[in-house]
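Enquirer: Could you build all of it, start to finish, from the sequences and the hints given here?
Residues 1 to 234 (full-length UniProt numbering) make up the sequence shown, in order.
No lab work stands behind these hints, which were simulated from the structure alone.
Please note: incorrect hints may appear among the correct ones.
Pairs of lysine-lysine, DSS-like flavour, derived with a Cα cap of 25 Å [to be verified]: (1) Lys132 - Lys145; (2) Lys154 - Lys168; (3) Lys13 - Lys159; (4) Lys168 - Lys13; (5) Lys31 - Lys113; (6) Lys145 - Lys113; (7) Lys13 - Lys31; (8) Lys159 - Lys145; (9) Lys168 - Lys132; (10) Lys132 - Lys113; (11) Lys41 - Lys113; (12) Lys41 - Lys132; (13) Lys132 - Lys150; (14) Lys132 - Lys13; (15) Lys35 - Lys159; (16) Lys113 - Lys13.
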Amino acid sequence: MATYHCSVKHGSKGNGASSAAKADYICREGKYADKPDLEYKESGNMPEWAQASPRVFWHAGDQCERANGRVYTEIETALPREISPDHRRELVQNFIREQLSGHPYTVAIHNPKATLDGGDQPHAHIIFSERKLDGIERNQEQFFKRANAKEPEKGGTAKDRTWNEREKVQQIREAWEGHYNRYSPERVSCRSLREQGIGREPERHLGPKMARPEAPEAGKVMEGSSQKTENKAR
1 MATYHCSVKH GSKGNGASSA AKADYICREG KYADKPDLEY KESGNMPEWA QASPRVFWHA
61 GDQCERANGR VYTEIETALP REISPDHRRE LVQNFIREQL SGHPYTVAIH NPKATLDGGD
121 QPHAHIIFSE RKLDGIERNQ EQFFKRANAK EPEKGGTAKD RTWNEREKVQ QIREAWEGHY
181 NRYSPERVSC RSLREQGIGR EPERHLGPKM ARPEAPEAGK VMEGSSQKTE NKAR
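Expert: Structure (C-alpha cells):
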C-alpha cells in the first residue's frame, strides 16, 4: 500500500551537525561504504570549485559557514515500491528540478528491506544548501560569507530565507504529493486522515532509523514539518 512521508530537517553547526558527514552517510561513502542499500546518488548545482567533487562543497560548508549557521537542509521522502528504480530516480529528479533550482544539492535513494514485511522500503534523502547560486563566481571562503545586498560580488552567496517559514514546508509537502502521485499507481495525500475525513488509525512510517538503527541524526526537524503517520488518499 502506498504511503506518504515527507519531512524537512535542518542541520546547523550550533547543534553539532556536519554536512560532510551527512553526505557520506546518505551516499554510503567513507565508514558507510559497506551498506548495501544504495540505489542511486547524484549531486548538482555545485559551484565551479566543487563540480569535480561535491564532498568538497559540504566540507567547505562545515569549515566556513558561520558558527550558528545551517550547513544543510534535508528533505526526506518515502518512494513508491511499486515502480522501477529508474522511475523513482526520475520522480526525485523532477522534484529537485522544480523545487531546488540553483541550490547546491546531493541526493541519494536507499532501498532497505522493511522491518515488518521484508519488502522494499525505498526512500530519498535530499540535502541542499539554502544558499542559491546567482551567477557570481566566489571561492570557497567567500561563498559562505554573509551576503551583501548592495554589492553582491563583495559578499557571500545569499540564502533563500523562505526556508525559515512554516508555509514553505507545507508547500514542499504539497509539491511532493503531486510528484509522487504522477508516478505511483496508488494516490496519496499530504493531509492527515482526519483532514480527509477518514476514521481509521494511520499507519506508522518506520523510516530509515528503524531499518538502519545506527544512522546518525544531527538535524533538527522543523516544527510542523513532518507528519509522523502516513496518509493514503481515498
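Enquirer: Would the pair lysine 132 and lysine 13 pass a check requiring their Cα atoms to be no farther apart than 25 Å?
Expert: At roughly 19 Å apart (the allowed maximum being 25 Å), lysine 13 and lysine 132 satisfy the hint.
Enquirer: Decide if the proposed pair is consistent with the structure: lysine 13 and lysine 31, CA atoms, cutoff 25 Å inclusive.
Expert: Answer holds: lysine 13 to lysine 31 is near 21 Å, not above 25 Å.
Enquirer: Is the Cα-Cα distance between lysine 31 and lysine 113 25 Å or less?
Expert: Answer holds: lysine 31 to lysine 113 is near 21 Å, not above 25 Å.
Enquirer: Could you grab the alpha-carbon distance between lysine 13 and lysine 159 and see if it respects the 25 Å cut-off?
Expert: holds, 16 Å
Enquirer: Hinted pair, alpha-carbon criterion (25 Å max): lysine 113, lysine 13. Please report holds or violated.
Expert: violated, 32 Å
Enquirer: Against the 25 Å threshold, does the CA-CA distance of lysine 41 and lysine 132 hold or violate the hint?
Expert: Status holds; Cα separation ~21 Å.
Enquirer: Would the pair lysine 132 and lysine 150 pass a check requiring their Cα atoms to be no farther apart than 25 Å?
Expert: holds, 17 Å
Enquirer: Given the hinted pair lysine 145 and lysine 113, is their Cα-Cα distance within 25 Å?
Expert: This hinted pair is violated, its Cα atoms lying about 42 Å apart.
Enquirer: Is lysine 132 close enough to lysine 113, meaning Cα to Cα at most 25 Å?
Expert: Given pair lysine 132, lysine 113 is violated - Cα atoms ~36 Å apart, limit 25 Å.
Enquirer: Does lysine 132 sit within 25 Å of lysine 168, going by the straight-line distance between their CA atoms?
Expert: At roughly 16 Å apart (the allowed maximum being 25 Å), lysine 132 and lysine 168 satisfy the hint.
Enquirer: Checking one constraint from the list: CA of lysine 154 to CA of lysine 168, max 25 Å. Satisfied?
Expert: violated, 29 Å
Enquirer: For the pair supplied as a hint, lysine 41 and lysine 113, is the alpha-carbon distance within the 25 Å limit?
Expert: holds, 18 Å
Hint compliance for this structure: hints 2, 6, 10, 15 and 16 are broken, all remaining hints hold.
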